[in-house]
Amino acid sequence: MINPREIRKDFPILEQQVNGRPLVYLDNAATSQKPRQVIDALVRYYETSNANIHRGIHTLAVRATEQYEAVRGKTAVFLKASHPEDVVFTRNATEALNLVARAWGDANVHEGDEIVLTLMEHHSNIVPWQQLARRTGAVLRYAGITPEGKLDLDEMRRLIGPRTKIVSVVHMSNVLGTINPVAEIGEMARKAGALMVVDGAQSAPHLPVDVEALGCDFFAFSSHKMLGPTGVGVLWARRGLLETMEPFLGGGDMIALVRQEESTWADVPHKFEAGTPNIADVIAFGAALDYLENLGMDAVRAHEVALTAYAMEQLSSIEGLKMHGPARADERGGVVSFAMNLAHPHDIATIADGYGVAIRAGHHCAQLLMRHLGVAATSRASFSIYNDKDDIEALAEALEHVNRVFGDGSSRAAI
Amino acid sequence: MAVAEPQFDDLYREIILDHYRRPRNRGELATPSQRVEGVNPVCGDEIHLDLEIGDDTIRDVSYWGHGCSISQSSASMLTERLKGCSIEEAERVMGKVRAMLIDGAIPDDDIGDLQALEGVARLPVRVKCALLCWNVLKEGLQQATTAA
Chain B
1 MINPREIRKD FPILEQQVNG RPLVYLDNAA TSQKPRQVID ALVRYYETSN ANIHRGIHTL
61 AVRATEQYEA VRGKTAVFLK ASHPEDVVFT RNATEALNLV ARAWGDANVH EGDEIVLTLM
121 EHHSNIVPWQ QLARRTGAVL RYAGITPEGK LDLDEMRRLI GPRTKIVSVV HMSNVLGTIN
181 PVAEIGEMAR KAGALMVVDG AQSAPHLPVD VEALGCDFFA FSSHKMLGPT GVGVLWARRG
241 LLETMEPFLG GGDMIALVRQ EESTWADVPH KFEAGTPNIA DVIAFGAALD YLENLGMDAV
301 RAHEVALTAY AMEQLSSIEG LKMHGPARAD ERGGVVSFAM NLAHPHDIAT IADGYGVAIR
361 AGHHCAQLLM RHLGVAATSR ASFSIYNDKD DIEALAEALE HVNRVFGDGS SRAAI
Chain G
1 MAVAEPQFDD LYREIILDHY RRPRNRGELA TPSQRVEGVN PVCGDEIHLD LEIGDDTIRD
61 VSYWGHGCSI SQSSASMLTE RLKGCSIEEA ERVMGKVRAM LIDGAIPDDD IGDLQALEGV
121 ARLPVRVKCA LLCWNVLKEG LQQATTAA
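If you read the protein sequences in the order shown, they are chains B and G. Just so we're aligned, residue 1 is where the first sequence starts under our numbering, counting upward by one. Just so we're aligned, residue 1 is where the second sequence starts under our numbering, counting upward by one.
Since the hints were made in silico from the structure, they are not lab data. Any given hint might turn out to be false.
With the Cβ distance kept under 7 Å, some of the chain G side facing chain B (calculated, not the full set) [as the list claims (entries may be wrong)]: (1) Pro6; (2) Val39; (3) Cys43; (4) Gly44; (5) Cys68.
Okay, the calculated beta carbon distance ranges per label pair [as the list claims (entries may be wrong)]: (6) G:Val3 - B:Arg190: 38 to 48 Å; (7) B:Asp390 - G:Val125: 22 to 32 Å; (8) B:Ala183 - G:Pro41: 33 to 43 Å.
Idealized CB from N, CA, C, for every residue including glycine.
Produce the complete structure using the sequences and hints provided.
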């Protein structure tokens with residue numbers, strides 16, 4: 001059982017007031033807040049263990065290396081993966097996806113090959129593939145979305161064929177909250193001989209993830225959305241794949257031998273971690289993984305499903321408010337995007353902020369989805385372990401006020 | 001003790017809401033001499049201005065687009081204030097609006113209803129909403145001057 005009141009005591013940032021009210025932080029899909037344990041781990045590293053890793057002989061270098069590599073192990077355990085060497089640390093999920101597009105895509109994707117995506121992708125899972133397509137002459141295909149806000153699996157099945165080289169799909173939509181059946185899609189990809197890439201930036205923080213059960217080839221996510229520091233991303237790759245790939249970036253730490261004309265590469269995963277990595281933040285990310293594992297991802301998920309159901313119930317009673325995405329809370333993550341008849345998302349977010357409620361308004365880096373929904377922007381509330389029903393009620397109170405500010409006219413400007 | 005309800009009267013003044021709900025000069029002109037547009041890539045707000053300029057005068061002006069109440073009402077008020085103005089006067093008004101929004105300058109009656117946007121200057125993230133149509137106008141006036 002998650003107890004948000006107890007959990008909140010671990011998050012110093014949540015103690016503050018915003019505009020004279022207690023901060024209600026509902027922008028977790030953008031980034032989560034960090035518990036004291038993570039902040040302490042960061043400070044402790046700099047105060048006790050700071051050294052460059054992997055080549056040092058001295059005590060601090062050994063200690064820092066051990067701590068850094070231990071987080072690789074924890075990450076593998078978190079993903080239920082068997083081999084820590086299949087975990088590559090990057091700057092963020094975006095860089096992890098770019099790594100796949102460059103290091104696997106450039107060598108294996110050719111003119112006329114197809115890359116299958118969906119209309120609910122974040123720009124980070126669109127643009128790297130567009131760039132790959134431009135470099136190679138490959139073609140992009142997009143699976144659409146059903147009226148209930150789910151992925152159109154029939155279209156997906158039709159699109160994946162003998163020319164498909166890569167299928168890359170978001171595990172949980174950052175706008176609709178939709179949880180996609182990536183194992184099923186992975187099966188389609190495998191039958192077609194294509195690689196399955198999963199953007200787990202929204203799912204890894206909120207769901208139990210088992211990369212081997214998902215049957216994917218690559219899984220990418222970010223530390224900062226799951227209680228960890230910014231500046232750390234993860235790419236997990238299926239056993240053996242990283243060995244077949246050329247490095248993404250060249251430099252120190254990724255080589256075995258350097259000669260005047262050419263060099264040989266370090267073993268995986270180090271050949272993908274050129275230069276001094278973000279040692280401190282990786283180590284603090286380990287504390288975030290500990291925090292989540294300690295709560296249990298099943299409990300995290302159960303808490304967020306209950307909260308999402310409560311939010312959908314509260315928001316459905318607000319006049320002129322329409323929610324996007326699947327109708328059932330257990331079919332979606334803790335993300336609720338909505339539109340209001342009378343007010344634009346930015347005006348909604350400004351009024352919510354007056355109540356100390358942090359929500360997001362905009363295209364959420366998902367312009368293809370915005371176009372599909374026929375809107376320029378949405379308002380979005382997204383939840384985490386420290387949110388409770390009071391937070392939802394504060395949001396609902398602010399949204400009622402939106403209707404009072406904008407509701408007096410007979411009609412609003414057509415948009 | 002209950003916390004007082006937040007007030008938004010300073011930002012969402014009745015004049016702003018009125019222009020948002022009942023936009024003035026919305027739509028296309030039949031024969032614009034300049035058609036200019038601007039998008040705020042961060043939020044997706046969009047403003048198109050049609051200008052009919054001749055003899056150094058804005059004979060007619062209209063707008064269309066979509067976005068928040070601040071960006072749309074600012075454009076509506078712009079058209080109402082500047083229709084029939086000389087370019088010189090338009091530039092003067094534009095200077096005063098920008099000074100109000102960017103530097104927090106105290107507005108005067110010369111800018112008419114646009115004074116209602118004064119409260120926006122205190123919300124830095126919303127200033128760009130109010131400025132969007134003025135950036136579009138600036139481009140339109142530059143085009144007109146170059147063409148002349």
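Quick rundown of the hints versus the structure:
1. The closest approach between the C-beta of proline 6 of chain G and any C-beta of chain B is roughly 4 Å, which is under the 7 Å cut-off, so the hint is satisfied.
2. Given hint, valine 39 of chain G at the interface with chain B, is violated; its Cβ is 10 Å from that chain's nearest Cβ, farther than 7 Å.
3. Annotation: cysteine 43 of chain G was flagged as interfacial toward chain B, and the flag holds, the nearest CB pair being 5 Å apart, inside 7 Å.
4. Here the hint on glycine 44 of chain G is kept, as its CB sits about 4 Å from the closest CB of chain B, short of 7 Å.
5. The closest approach between the C-beta of cysteine 68 of chain G and any C-beta of chain B is roughly 4 Å, which is under the 7 Å cut-off, so the hint is satisfied.
6. With their beta carbons about 56 Å apart, valine 3 of chain G and arginine 190 of chain B fall outside the hinted range of 38 to 48 Å.
7. Between aspartate 390 of chain B and valine 125 of chain G the beta carbon distance is about 26 Å. The supplied range of 22 to 32 Å therefore holds.
8. With their beta carbons about 36 Å apart, alanine 183 of chain B and proline 41 of chain G fall inside the hinted range of 33 to 43 Å.
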